[in-house]
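Colleague: Full structure from sequences and hints, please.
Number of protein chains: 2
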Amino acid sequence: MGGDRAPDEIIAGAVRARDELGVEIVLVGQPEVIRATPGGDTFAIIEASEVIAMDADAGKSVRRMKDSSLVRAAEAVRDGKASAMISAGNTGATMASALLRMGRIKGVARPAIATPIPVPGQDLPTILLDAGANAECTPEYLVQFAQMGAVFARARFGVEAPKVGLLSIGEEETKGNPLVKETHKLLATGEWIGGTGAVFVGNVEGRDIMSDVADVVVTDGFTGNVALKTLEGGMKALVGSLFAAFESTPEAKDAAATLMPALLPLYAQLDPDNTGGAMLLGVDGVCIISHGSSSATAVVNAVRVAHEMVVGAVVEHLRAAITTA
Amino acid sequence: MGGDRAPDEIIAGAVRARDELGVEIVLVGQPEVIRATPGGDTFAIIEASEVIAMDADAGKSVRRMKDSSLVRAAEAVRDGKASAMISAGNTGATMASALLRMGRIKGVARPAIATPIPVPGQDLPTILLDAGANAECTPEYLVQFAQMGAVFARARFGVEAPKVGLLSIGEEETKGNPLVKETHKLLATGEWIGGTGAVFVGNVEGRDIMSDVADVVVTDGFTGNVALKTLEGGMKALVGSLFAAFESTPEAKDAAATLMPALLPLYAQLDPDNTGGAMLLGVDGVCIISHGSSSATAVVNAVRVAHEMVVGAVVEHLRAAITTA
Numbered sequence: 492m493g494g495d496r497a498p499d500e501i502i503a504g505a506v507r508a509r510d511e512l513g514v515e516i517v518l519v520g521q522p523e524v525i526r527a528t529p530g531g532d533t534f535a536i537i538e539a540s541e542v543i544a545m546d547a548d549a550g551k552s553v554r555r556m557k558d559s560s561l562v563r564a565a566e567a568v569r570d571g572k573a574s575a576m577i578s579a580g581n582t583g584a585t586m587a588s589a590l591l592r593m594g595r596i597k598g599v600a601r602p603a604i605a606t607p608i609p610v611p612g613q614d615l616p617t618i619l620l621d622a623g624a625n626a627e628c629t630p631e632y633l634v635q636f637a638q639m640g641a642v643f644a645r646a647r648f649g650v651e652a653p654k655v656g657l658l659s660i661g662e663e664e665t666k667g668n669p670l671v672k673e674t675h676k677l678l679a680t681g682e683w684i685g686g687t688g689a690v691f692v693g694n695v696e697g698r699d700i701m702s703d704v705a706d707v708v709v710t711d712g713f714t715g716n717v718a719l720k721t722l723e724g725g726m727k728a729l730v731g732s733l734f735a736a737f738e739s740t741p742e743a744k745d746a747a748a749t750l751m752p753a754l755l756p757l758y759a760q761l762d763p764d765n766t767g768g769a770m771l772l773g774v775d776g777v778c779i780i781s782h783g784s785s786s787a788t789a790v791v792n793a794v795r796v797a798h799e800m801v802v803g804a805v806v807e808h809l810r811a812a813i814t815t816a
Numbered sequence: 492m493g494g495d496r497a498p499d500e501i502i503a504g505a506v507r508a509r510d511e512l513g514v515e516i517v518l519v520g521q522p523e524v525i526r527a528t529p530g531g532d533t534f535a536i537i538e539a540s541e542v543i544a545m546d547a548d549a550g551k552s553v554r555r556m557k558d559s560s561l562v563r564a565a566e567a568v569r570d571g572k573a574s575a576m577i578s579a580g581n582t583g584a585t586m587a588s589a590l591l592r593m594g595r596i597k598g599v600a601r602p603a604i605a606t607p608i609p610v611p612g613q614d615l616p617t618i619l620l621d622a623g624a625n626a627e628c629t630p631e632y633l634v635q636f637a638q639m640g641a642v643f644a645r646a647r648f649g650v651e652a653p654k655v656g657l658l659s660i661g662e663e664e665t666k667g668n669p670l671v672k673e674t675h676k677l678l679a680t681g682e683w684i685g686g687t688g689a690v691f692v693g694n695v696e697g698r699d700i701m702s703d704v705a706d707v708v709v710t711d712g713f714t715g716n717v718a719l720k721t722l723e724g725g726m727k728a729l730v731g732s733l734f735a736a737f738e739s740t741p742e743a744k745d746a747a748a749t750l751m752p753a754l755l756p757l758y759a760q761l762d763p764d765n766t767g768g769a770m771l772l773g774v775d776g777v778c779i780i781s782h783g784s785s786s787a788t789a790v791v792n793a794v795r796v797a798h799e800m801v802v803g804a805v806v807e808h809l810r811a812a813i814t815t816a
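Just so you know, the protein sequences line up as chains U and R, in that order.
For the first sequence, counting from 1, position 64 maps to 555 in the working numbering; every step adds exactly one.
For the second sequence, counting from 1, position 44 maps to 535 in the working numbering; every step adds exactly one.
Certain hints may be false.
Copies of the same chain look alike in the list, so a pair counts if it fits in one copy or across any two.
[Said to hold, decoys possible] Once the Cα atoms are required to be at most 30 Å apart in a straight line, the calculated DSBU-like pairs of lysine-lysine come out as:
no.	residue 1	residue 2
1	K727	K654
2	K727	K744
3	K551	K676
4	K676	K572
5	K557	K597
6	K672	K744
7	K672	K727
8	K654	K744
Since the hints were derived computationally from the structure, they do not count as laboratory data.
Modeller: Dropping the structure here:
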């Protein structure tokens with residue numbers, strides 16, 4: 492029910508995901524809306540009469556709208572009726588539903604949003620967390636984000652010894668705000684590493700996010716969300732100006748057409764529909780947060796990631812990493 | 492003496508600035524080094540025997556190296572021997588020298604670095620401040636940054652009614668960390684606007700920096716520095732991958748050559764050498780901070796900006812804005 496392009500693109504994506512990946516999918520929402528959408532009547536449905544709007548207050552909505560699709564989806568995971576939930580709807584309400592219905596993994600202070608940032612020219616993305624779940628953090632939260640990010644890097648991308656960096660404004664450990672300085676001290680002890688295989692590479696800077704300096708970049712949810720959206724806005728502005736230049740003259744248009752095959756891999760890499768979405772780490776179940784403008788392709792990729800996370804037992808690995816820390 | 496390409500490019504830039512702009516320039520540093528560099532013997536020199544290294548601790552260096560070029564340059568402005576200082580050297584030491592020798596404008600709690608961010612397809616950049624001078628801020632500092640940014644937008648870019656946004660993680664005033672929420676309340680009163688002509692447009696997000704949503708984006712120096720460097724890193728990664736694609740085949744190479752005239756304006760707009768550098772706002776004199784890798788062209792543009800700031804009496808306007816706040 493959620494997302495700017497629901498229900499059409501969401502259900503079209505579900506159809507493709509089932510056909511292409513062989514993953515069993517259950518749709519959560521208003522049966523009459525789902526059944527009236529092409530492909531909708533071919534799925535099992537968990538009924539939910541309410542829809543939390545994209546711009547609704549997250550906490551209030553989740554508390555009051557107990558029969559909303561987001562709350563019912565999180566309950567389905569809690570009750571073992573689904574192995575994972577995926578939403579392109581209200582991000583805050585998705586987080587709140589997952590947190591309140593699935594609960595936290597034992598020992599986790601705060602769940603965090605882990606967002607893979609594509610790195611042009613590299614196979615592996617940089618995982619940024621927290622990308623926006625917690626505007627206020629303590630050093631202890633950030634240490635857990637480091638643990639969870641490292642587990643995610645291994646489970647999702649096969650990185651055996653994930654390089655973990657702490658986002659700051661200079662490489663020296665004396666640089667940064669009090670949160671970063673205190674977190675640096677804790678991370679430098681290495682006591683948090685446990686079985687994650689992580690390697691602490693020290694402070695990293697904003698310019699290192701879109702590079703291979705670190706596999707995991709740890710920060711508070713305020714800074715992480717600003718960095719993520721700054722990058723998205725910058726990419727969009729630059730790509731928009733490039734396309735305008737490509738269209739500026741008939742000669743440019745012809746030349747751009749010739750260049751397209753060389754540019755398409757880069758364009759595909761940066762397309763948010765291809766990242767598979769972000770994952771809420773620390774809740775007791777798999778919860779994939781897809782961006783609001785998700786197309787069918789985005790849904791297919793989100794299902795692929797959700798499936799990998801379930802098969803890879805990422806929640807079990809997180810549980811082990813947190814309790815042994 | 493400072494900057495990765497000093498003294499050659501710095502002095503070459505000084506020669507060009509003098510010839511192209513007709514601005515009188517005095518070089519500060521070791522006379523024997525300056526005179527041994529092409530063009531160096533054609534300038535008046537303020538002698539300084541010491542050089543603060545690019546990676547030196549800013550505070551310590553400025554306190555101990557009283558005969559360094561940075562300290563002497565700031566003294567020259569204080570003593571009226573120069574109207575402005577420009578440095579491509581150690582940013583922290585440049586700030587510390589300016590702060591300790593020129594002092595603050597009366598009423599200014601903390602000087603801030605104002606960095607113009609080019610917006611592709613737009614004539615006007617977005618001014619981001621604080622871009623890194625103060626890792627820790629109070630709401631009161633941020634209100635002054637709003638005042639100073641608005642004055643700068645008018646003096647430097649002729650924006651009569653600068654749109655000022657507060658960097659947060661959602662448009663709603665309830666979004667953000669405690670610093671942002673408290674600052675939002677203060678900015679929303681409008682009491683700070685005085686004669687700046689500013690218009691408070693509310694919270695803005697990272698994606699709005701490279702857009703025309705706001706002329707001035709206010710944030711603390713930690714978040715601002717992360718945003719600035721994230722954007723720089725993202726642009727560099729994307730442009731690098733574009734050039735790699737342009738070189739990937741003979742056909743692509745030919746097509747890219749045809750496209751170049753259409754792409755050059757964008758490339759020029761994003762070239763940091765063309766922004767004219769950042770300005771340290773709030774000290775009692777004009778202090779331009781050029782990036783470390785500044786070429787002669789960057790120096791020419793920094794001199795142009797310094798000259799405009801002096802002629803436009805930006806320090807006097809700042810003084811008026813702060814004391815009437």
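Colleague: Are the hints correct? Go through all of them and say.
Modeller: Hints and how they fare:
no.	hint	result
1	K727 - K654	both (28 Å within a copy, 22 Å between copies)
2	K727 - K744	both (20 Å within a copy, 25 Å between copies)
3	K551 - K676	between (37 Å within a copy, 23 Å between copies)
4	K676 - K572	neither (43 Å within a copy, 46 Å between copies)
5	K557 - K597	within (25 Å within a copy, 56 Å between copies)
6	K672 - K744	neither (51 Å within a copy, 47 Å between copies)
7	K672 - K727	between (33 Å within a copy, 28 Å between copies)
8	K654 - K744	neither (42 Å within a copy, 36 Å between copies)
In this structure, the earlier hints numbered 4, 6 and 8 are contradicted, and the remaining ones agree with it.
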